[in-house]
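These protein sequence lines are chains A and B, in that order.
Using the numbering used here, read the first sequence as starting at 1 and increasing by one per residue.
Using the numbering used here, read the second sequence as starting at 1 and increasing by one per residue.
Derived by calculation from the structure, the hints in this document are not laboratory data.
Among the clues, some could well be false.
[To be verified] Computed, partial: chain A to chain B, Cβ under 10 Å:
| # | residue |
| --- | --- |
| 1 | 30 |
| 2 | 61 |
| 3 | 67 |
[What the hints assert, rightly or not] Coverage of chain B stretches by chain A, computed from C-beta distances (three or more under 8 Å per stretch; other residues unrestricted):
| # | segment |
| --- | --- |
| 4 | 40-48 |
| 5 | 53-63 |
| 6 | 85-97 |
[Claimed, not checked] Below, a list of computed lysine to aspartate or glutamate pairs in the DMTMM-like style, where the Cα atoms sit at most 25 Å apart:
| # | chain 1 | residue 1 | chain 2 | residue 2 |
| --- | --- | --- | --- | --- |
| 7 | A | 68 | B | 57 |
| 8 | B | 70 | A | 21 |
| 9 | B | 36 | A | 21 |
| 10 | B | 70 | A | 34 |
| 11 | A | 68 | A | 13 |
A virtual CB, placed ideally from N, CA and C, is assigned to each residue, including glycine.
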Amino acid sequence: MNTEKYLDQLKAELKGFHPEERAALIEEVAAHIEDGLADPQLGNDLPERGQKLEAEMGSPHDLGRGLKEIHRPNRWVDLLLVFVPYEILKYPILIILTLILGGLAQTNSSVFSQPYLMASNRIFFLLYGLLVLIALRRRSLDVLFFWLPQTILTVFALIFREKRWLPESPFNTNMASMFESLFWLILLAGMISWLAYLLWVNRHDVLLIVLALLPFLITFGNMALSQYRSTGNFSGGYQLPDWNFAFIGGFPLGVYQISMLVWPILFYISRHRQMRWLGLLLNATPLALMNIVASMRYPQLVVVWITPVTLVVIGWLIDQSKHTRQPSLIT
Amino acid sequence: MTDLQQVRKGSTPLLILGILSQGPMHGYAIMRELEKRSEGYFNMTAALLYPALHQMEQDDLIQGKWDESKGMHRRKVYEITRAGLERLASGQADWRRFAEQLFKMLGGATAASGEVNEH
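All chains should be modelled from the sequences, with the hints used to inform the complete structure.
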């Protein structure tokens, strides 16, 4: 067994760990190899022991991946990659778009004007797509499973807001426009297939699966709400409740805003799985509760808004029963 | 994954706790002890053992301490904690009940009885 090569490869796999933490992990594995090579139970001579030990070690890649899953050395970077673009960067982009396109003029279907929506969807697609690539480069499933669903939903929103399949859609103007429609549809199908594949490959980790599926249920809930909104038959009339208790510089501060600030911190920073589940629950519950209270007159909406919370609770129960973090004994 | 593999998968921490209940040990010794006590039935790679040990350490089931008394490198020696002993005791009771019921259903003898040590 080539000890030096194995340890070098492991060191490369542990990139991202604090140097002291990485040195301690390498030392623990180096001691294991040292013990194995000196153990007469493993073989009569050094080559025989080395051969048996090599088979027993498993690959440096698997060992590094296992240790990374437990210690999550890059969790602060993961948090920033989610928190900054989603909670902070988005607002300057919206303001710039508003200034350029005069985007906040109300239309029949939306509080935003059409050019504003079209531009914002495309810019968010570029931003989210870039974050998907960064997540891939960093091999961070926590970040990938956050941004890939957001990217899919952005493309979905773009397709369904432009409604190019309707003859009266203002976007059905020429051949190039038709090709663009086709491009977005193929991209959407490709991204959904890719997400489905990733979910299948990572099916052992219920936490990640719930993280990826939650935005779809929340978006579905919002779409269902928007269908009923024009009736003005909610507990607050046309207005949905916001449960705000303060306004800071014109921006509301309420239950929803606080939950949106806190859930990524719990989910991305904590090493304890239960806290991470609590983060997901905090992601789903306040918005669901607000909308359930508002739509008591529509049982179907209540059911739609119960589903995100139910998904988190069922996921948590499955996770408790599966002991997903424990590796298999089958080598 | 077969049913048996699934059962074995869930038992990893309990096997490690069972071994560490005999006394503190480092990773390599745990691996050898597991192999010896199960007569080769249970075996695992280092790539599976160390993440499991570190997860259990984070869950406060075991505690790791560095030992500098032997060899070129320091060894991280793991010791079972009070929470680990409690988990082991409840795990043993669960597995005994499971094994007894399984044997009963399969029509075999109560072979599982007495095979697991109490701690």
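Here is how each hint holds up against the structure:
| no. | hint | result |
| --- | --- | --- |
| 1 | 30 | holds, 5 Å |
| 2 | 61 | holds, 8 Å |
| 3 | 67 | holds, 6 Å |
| 4 | 40-48 | holds (count 7) |
| 5 | 53-63 | holds (count 3) |
| 6 | 85-97 | violated (count 0) |
| 7 | 68/A x 57/B | holds, 15 Å |
| 8 | 70/B x 21/A | holds, 21 Å |
| 9 | 36/B x 21/A | violated, 31 Å |
| 10 | 70/B x 34/A | holds, 11 Å |
| 11 | 68/A x 13/A | holds, 9 Å |
Consistency note: the structure conflicts with the earlier hints numbered 6, 9.
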